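S.K.: Each chain is listed here by its residues.
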Amino acid sequence: MHYQTEAWGSYMPTRSTTMGDPLERIERMASENAVVIFSMSTCCMCHAIKRLFCGMGVNPTVYELDEDPRGKDMEKALMRLLGSSSAVPVVFIGGKLVGAMDRVMASHINGTLVPLLKEAGALWL
Amino acid sequence: MASHRVGETGLSDSGPSNHHVPYSLFHGINAPSTSFINQEGSAFDFGELEEAIVLQGVKIRNDEAKAPLFTGRPAATLEMFPSWPTRFQTTPRVGSSKSGGESTDSGSAVNTLSSKADQAQLEPESPISKKASSSDHQAFDQKHLKLQQQQIHQEMATGPSHNQSSVKAPQEKRKGAGSTSEKQLDAKTLRRLAQNREAARKSRLRKKAYVQQLESSRIKLTQLEQDLQRARAQGLFLGGCVGAGSNLSPGAAIFDMEYARWLEDDHRLMSELRTGLHAHLSDGDLRLIIDGYVSHYDEIFQLKVVAAKSDVFHLYTGMWITPAERCFMWIGGFRPSELIKMLIGQLDPLTEQQVIGIYNLQHTSTQAEEALSQGLEQLQQALVDTIAGVPIVDGMQQMAVALSKLANLEGFVRQADNLRQQTLHQLRRILTVRQAARCFLVIGEYYGRLRALSSLWASRPRESMMSEDNSCQTTTELQIVQQHSQNHFSSY
Chain A
73 MHYQTEAWGS YMPTRSTTMG DPLERIERMA SENAVVIFSM STCCMCHAIK RLFCGMGVNP
133 TVYELDEDPR GKDMEKALMR LLGSSSAVPV VFIGGKLVGA MDRVMASHIN GTLVPLLKEA
193 GALWL
Chain B
258 MASHRVGETG LSDSGPSNHH VPYSLFHGIN APSTSFINQE GSAFDFGELE EAIVLQGVKI
318 RNDEAKAPLF TGRPAATLEM FPSWPTRFQT TPRVGSSKSG GESTDSGSAV NTLSSKADQA
378 QLEPESPISK KASSSDHQAF DQKHLKLQQQ QIHQEMATGP SHNQSSVKAP QEKRKGAGST
438 SEKQLDAKTL RRLAQNREAA RKSRLRKKAY VQQLESSRIK LTQLEQDLQR ARAQGLFLGG
498 CVGAGSNLSP GAAIFDMEYA RWLEDDHRLM SELRTGLHAH LSDGDLRLII DGYVSHYDEI
558 FQLKVVAAKS DVFHLYTGMW ITPAERCFMW IGGFRPSELI KMLIGQLDPL TEQQVIGIYN
618 LQHTSTQAEE ALSQGLEQLQ QALVDTIAGV PIVDGMQQMA VALSKLANLE GFVRQADNLR
678 QQTLHQLRRI LTVRQAARCF LVIGEYYGRL RALSSLWASR PRESMMSEDN SCQTTTELQI
738 VQQHSQNHFS SY
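Sequences listed follow chains A and B, in order. Using the numbering used here, you'd call the opening residue of the first sequence number 73 and step up by one each time. Using the numbering used here, you'd call the opening residue of the second sequence number 258 and step up by one each time.
Derived by calculation from the structure, the hints in this document are not laboratory data. Please read these numbers as outputs of a predicted model, since none were measured by experiment. Worth double-checking, as some hints may not be accurate.
[Claimed, not checked] Residues of chain A placed beyond 12 Å of chain B at every Cβ, according to the derived structure: (1) 120; (2) 121; (3) 126; (4) 136; (5) 149; (6) 153; (7) 166; (8) 169; (9) 174; (10) 179; (11) 194.
[Stated by the list, open to error] Derived pair list, reagent style PhoX-like, types lysine-lysine, alpha-carbon separation capped at 25 Å: (12) A/148 x A/168; (13) B/465 x A/144; (14) A/148 x B/662; (15) A/148 x B/445; (16) B/445 x B/465.
[Claimed, not checked] DEER-style ranges, computed between Cβ atoms: (17) B/703 x A/144: 24 to 32 Å; (18) A/182 x B/474: 51 to 59 Å; (19) A/144 x B/541: 32 to 40 Å.
Glycine is no exception: its CB is placed at the ideal position from the N, C-alpha and C atoms.
Generate coordinates for the entire structure from the input sequences, incorporating the hints supplied.
M.R.: The following block contains the structure:
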């Protein structure tokens, strides 16, 4: 699991990072890695979802929104995207939105999560 | 003397006053003059019948002819001497008092009693036809018919020997009566008659008592049912009020009530499933039942979502389930991997594919459980840190932070329920229709037994407490349980 901090701004020289549409940023960030989790450091459910992926042997990329200057906007964008009152945790696999904790667990139980991970290259077992 | 008018007028109509005596004797002997009609014909049993026949011929003259009339058995009368005209003007009185009523009524009834007694004895069929022909009133006639038949049954039932002896006796007596109006009853016959009378009376009393008992029990039962329904409807509000005494919030009280109803539905659906399985229904039909059962489970999970919003502690501490279930509880419900483990041995035969699927399910559910448990651990740790820490500005801010952290508990209970629901759905997907039916039956029975275990356990310590009798406990274990239960009785 590796955490992205403010340094990622330098990865996007061609784009205006300060006034970017939060949703676009989210999508961009999500497509950079196989498994991307948007989280908050104080959120316990985020901790649970992290432990789930680590337990499966996956190395997810985690963005802590409360440590991001534009975290608030992204939080709102995620809330709109999910249609729920809690923005985090949210999981993207292979750049595609999987969902919050309930969707992730449901897909794990019904056996669709592992193939998705394998497809995205996050699992090699 | 209105009460005696009956006999008098009736008898005077028919002529000979000797009719008086037997009926008074009847009545005097059979003191509880309950309604003949009510007693459905068995009141006029063989003992009295025989007596009527015998005594008819005796013609004991007695001033007690004036005694209150025998009104209990108007319809089962026979005319002893068919030459005398029979009369039944109107329907016989039904259990009314001795006085009053229509005089001719009872009179004719009185008349017919004797003739009936006689004729039924000798010619079971003829009285009926005789009655039919000479009857003036249909209602009375029908009554007669019915009672005649009952009487005949009575006679048939009493046994051949009895019949024979009794047939002989009146025949003898009859012959005698035809020739002379006076008769001597030997002591043996008298005693037999008395005994029969007594037996008849006793059986009547017994039957009456039994019927009364039945009636009162029936009333009690309907009252209990009504109470139960009322209690069920309001019970949980009462339970909520009582529960408010024991800290049941309204949300918790409502959920408990809904859960109780869900359990009833569960029981019903399970028997449906069981009969469907044993009746070898088609797969299509069975699938419908199973899908219904899965929806039934979805229902409780939905109810729990609502309950978690209003009172998450009620769910999380397991106060909605029995103590034995609580032992195995994981975040407000059953642990999915435990359920799979329990089921593995009971689902045979499974295809290889299915076995792999089941083991995968066990594996993934274990992983999910681990993740949720660790997330919950972090929550608990954060709470402890918040509450234990030194208050920054004032205690209220600390409490506010703690409250916001505690709110996350609802999310964990919801996710745990989600995991349980997904596990059940996946089971349904892996198994065939018949396997799924058996599987859900196993699950239902398992939790049913766990609940039963809980109530058995709960009742045992209480009994030993109530009895306060150490000698009834045979093992030291039980004595220890007794002591413990005395300490913990309040928790029940």
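S.K.: Any hints from earlier that this structure breaks? Give me their numbers in increasing order, please.
M.R.: Numbers 1, 2, 3, 9, 10, 13, 15, 16, 17 and 19 - these are the hints that the structure violates, sorted from lowest upward.
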